[in-house]
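Number of protein chains: 2
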Amino acid sequence: MTEPAPFQRVAVVGLGVMGGSFARALTATREAPEVRGWCPNADERRAALDAGAVMTAPEALREALHWADLVVLATPLPVVCDLISGIADNGLANEATIMDVAGLKEPVARAAAAAGLSNRFVGAHPMAGSEASGFAASRPDLFDDAIVWVVAEPEADARATRVEALWRSLGGNPVRTSASEHDRLMSLASHLPQLIANSLAAALNAADIGHDDLGPGGRDMTRLAASNPEMWAPLFEDAHPDLIGTLRTMAASLGHMADDLESGDIDALVSLMKQTQTWRTS
Amino acid sequence: MTEPAPFQRVAVVGLGVMGGSFARALTATREAPEVRGWCPNADERRAALDAGAVMTAPEALREALHWADLVVLATPLPVVCDLISGIADNGLANEATIMDVAGLKEPVARAAAAAGLSNRFVGAHPMAGSEASGFAASRPDLFDDAIVWVVAEPEADARATRVEALWRSLGGNPVRTSASEHDRLMSLASHLPQLIANSLAAALNAADIGHDDLGPGGRDMTRLAASNPEMWAPLFEDAHPDLIGTLRTMAASLGHMADDLESGDIDALVSLMKQTQTWRTS
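Residue numbers (the numbering used here), protein chains in the order written: chain A, 1 to 282; chain B, 1001 to 1282.
Isolated chain A (complex conformation) (with noise of 0.2 Å):
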């Protein structure tokens, strides 16, 4: 006995690592869906269609939307806040819910008021991604057990059960939260860590060091550098007062360390690293 599909037709707008995932894992489902997918690439598009991601992959947006009753908005944050302004104008089906999967949900939350779709709007955000980028780089198993925050207005609630029911049979773990909780806790425990990665990767590059020339330990903490910027650059351009005041802790913390070493005095940062041994391992 399986549940009936949450959804019967999903359209897909944007195939790179998350959109061309999403497809692919869905299609691999029992009882898959119909799977149209969008993107303004046509290679892209032929890529998703020749590893039979999506069903079809039609040139015009609105082929897809038109049809939906689910439309996964799977692109850059700010253009996913555009296409949502422009939604109800381009064709999308009455009874359609809209979800998307960008990194923050406040700026999604207000596109959809401003809209207004909040009563059709469920934000999702995987916990998952990869620092390569396009559809080559996506997988159908980029979801498993992957946290999945899920974020809706109180008249989207129903939308919202549905799509916890289509991220389970992902794979995903969805958890419910709110736009402003998601948002200051992903620039903490996933912004914070982009940056740093990238801070110490220009370090690095600066004093002449490859990549070539690291461990395991300096490859995992320097794996995020390759990061897209396009992708993230518009999740930095709001940044949460909590991510600048926590770059500055750090930046105040790798200060001290300096003094210490060069003082010879190591004893805060020992207790320093057992915190966080205890912190990473509890």
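Simulated from the structure, these hints should not be mistaken for lab results. A portion of the hints provided could be inaccurate.
Once the Cα atoms are required to be at most 20 Å apart in a straight line, the calculated SDA-like pairs of lysine to any residue come out as [stated by the list, open to error]: (1) B/1274 / B/1260; (2) B/1274 / B/1256; (3) A/274 / A/264; (4) A/274 / B/1132; (5) B/1274 / A/207; (6) A/274 / A/260; (7) B/1274 / A/206; (8) B/1274 / A/229; (9) B/1274 / A/133; (10) A/274 / B/1219; (11) B/1274 / A/233; (12) A/274 / B/1076; (13) A/274 / B/1137; (14) B/1274 / A/231; (15) B/1274 / A/212; (16) A/274 / A/256; (17) A/274 / B/1134; (18) A/274 / B/1233; (19) B/1274 / A/223; (20) B/1274 / B/1249; (21) A/274 / B/1211; (22) B/1274 / B/1264; (23) A/274 / B/1228; (24) A/274 / A/249; (25) A/274 / B/1223; (26) A/274 / B/1208; (27) A/274 / B/1210; (28) B/1274 / A/76; (29) A/274 / B/1234.
Fit chain B to the given chain A structure using the hints.
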């Protein structure tokens, strides 16, 4: 046709991740030499015996030393230096080669010179390890494809060549270098990422973010925060000037990032992300 094993009787002193993995890898080679293991903890000696990593594990260090033609010092750095200082009086066989696997090569080279053992001493540093500690975290494939830095004075050149053959038999890729070049590289490629992981973990901890809240990127960026402070502390007691200088560079860079995010001017940040993407993917 296999080459004759470069050593016949190997004493491994220290049975943690590095020593334990070395013993396990060595015992698993074709025509493995006899391997004796020693460490101060009887439970760890028993674990190494039970796992078949060593053939004997005498209670007295001298019983491993006097017999060996290769002594592998796989203890924290200050213990390596102490062992080198006392090893000639502690029953070392006349022709034995001494090798260590510590993360800095200048202090051990100085200790070997002070003990009059430079002609028998080969420093090695495999770019492999684990954030976990103890024999339980050892594994026989730890050195597969790992770069192994090898440092020796000219009078120990023939021994260094045999040590390199030994590392190749364990799957490693030995690369000869100098102690000073090695230590600068490690300060930046290994010690810096370690400190950055600790600083990031401390900042997340202070912001009430649990490690369970992290996605794959954040988990990678804090994995090293679980590392053993006891192992690392000695490496920081005599910190390389380039490590101290680069920490200060990064502190300034994070401050600039915070300023740019606060003012909403992210051009410099995007430019830095593009540079590091090129560095990491080239």
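query: Which earlier hints turn out false for this structure, listed by number in ascending order?
result: none
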